[in-house]
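Participant: Protein sequence lines, in the order shown, are assigned to chains A and B. Once you know that position 2 of the first sequence is 1 in numbering that gives the first Met the number 0, the rest is easy, because the numbers rise by one and skip nothing. Once you know that position 78 of the second sequence is 77 in numbering that gives the first Met the number 0, the rest is easy, because the numbers rise by one and skip nothing.
Derived by calculation from the structure, the hints in this document are not laboratory data. Among the hints, erroneous ones may be present.
Restraint ranges, calculated between C-beta atoms of paired labels, are given here [said to hold, decoys possible]: (1) T187(B) - M0(A): 45 to 53 Å; (2) T187(B) - I22(A): 42 to 50 Å; (3) A103(B) - E41(A): 34 to 42 Å; (4) I12(A) - H255(B): 33 to 41 Å; (5) A1(A) - D47(B): 34 to 42 Å; (6) R71(B) - A52(A): 23 to 31 Å; (7) D252(B) - A52(A): 17 to 25 Å; (8) E41(A) - E233(B): 35 to 43 Å; (9) F311(B) - I4(A): 47 to 55 Å; (10) R3(A) - T292(B): 46 to 54 Å; (11) A106(B) - S33(A): 19 to 27 Å.
Quantities reported herein were computed from a predicted structural model and do not represent experimental measurements. Glycine included, every Cβ here is placed at the ideal spot set by N, Cα and C.
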Amino acid sequence: MAKRITIDPITRIEGHLRIDCEIEGGKVTNAWSSGQMWRGIELILQGRDPREAWIFAQRICGV
Amino acid sequence: MTTDDFKGIKARLGDISRRDFMRYCSIMAGALGLSTGLAPRIAQAIADPKRRPPVIWLHGQECTGCTETLLRPSHPSLDSLILDIISLDYHETLCAGAGQQAEASLAQSMRENAGKYVLIIEGAIPVKDNGIYCKIGGKTFLSLVEEVAAQAGAIIAIGSCAAWGGIPSAHPNPTGATSAPEVLKGKTVVTLPGCPPNPYNLLSTVVHVLSFGKLPKLDSLGRPTFAYGRLIHENCERRPHFDAGRFAEKFGDEGHRLGYCLYKLGCKGPVTHANCPEIQFNDLGGGTWPVGTGHPCFGCAEKGVGFTIPMFTQVEVLSPTPFARQAPIIPERPVPVSPITAALAGGALGLAIGASAVALRKLKDSPDDPDHPVKED
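Here chain A stands alone, though its shape is the one from the complex (with noise of 0.2 Å):
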């Protein structure tokens, strides 16, 4: 029987970062990453002045 391992959040990054593990006689059998946060920018984006468009882009990550 796999045993599962949810670490969440992740720290120290950019964002909201959540993994989760499947674990097998001590292996990593399976894993997944997901983002837990939307802002829906590239929604925000259409339609807008292409010169401006940077100023949203840009922010996607401010690290």
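Starting from the known structure of chain A, arrange chain B on it as the hints suggest.
Facilitator: Chain B only, in chain A's frame:
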């Protein structure tokens, strides 16, 4: 402050002289709009390690730029000073532990410091679809903010996202991104908008609380008036160009290269409240802020302006120049250069070069100076 008090500061902050530290406290008093005579009281508050307030820092819909601006200044003691005068119990980007360990330190700080801790919120709070667009440790950020705020002694919303919604709340606001003051209606929330906000405004707010036991004076939007009481336009280094009617008309033109006012390029300084022109960024000296580098302000700190009014759209000026009505002004504008005048100037330059060539030849033809005979090779 006694020498013994200062020894404690030195041990905590590293290589800093007493004189520099006191000067720093005086600057801080000035930044807060207080008399520099209050500097010793500020120094005393910073020196007392017993006063360190526990701080819980939560991240929502953000880019961590607010945290970065706090950690990146080149000033040797700013980040250490901030991290030294507070006890940062929970901060996702800086936590040593992860997962359950991190969540345990949050729960412990809330339990031990109930009613006393300072909650700092970075990022907007998505409320659409019951807040599923931001989750931490399986909880929605919305529920986490409400839970942590319930026992907080003071709440600070840092950055535009937390202060008024910022980028995530820009049209069409896909996730229902909401500011901290709107989610926490009825509670006092200090807002420090800006994208990024200036770290000195956070430091000054915290130092004010430590020194005087109360929050600095706030406006109706929760912004400290020492930092957000004036429009950028009022203290802009390029304001004299605005008053004199000297504008950059497009990027790279002569007016732009000469450092003229950027209003016609869409500068939002006339409608944005912030102290960017006074304290600037990154401790790099004069000119390190958007207008100083030649780019119009886009109003990142002001709700309804930043990420809302298009960057190249001109705004109405909220604080017109009174002198224009009181005294006659002769606007001094650069004389436009037409192709004909350029050609004439070029011709004149050609004549001048020709004339100097003739003069040189004449010099060579003149009799040799007996005191400085020219040697023949």
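Participant: Broken hints, numbered, in rising order?
Facilitator: 5
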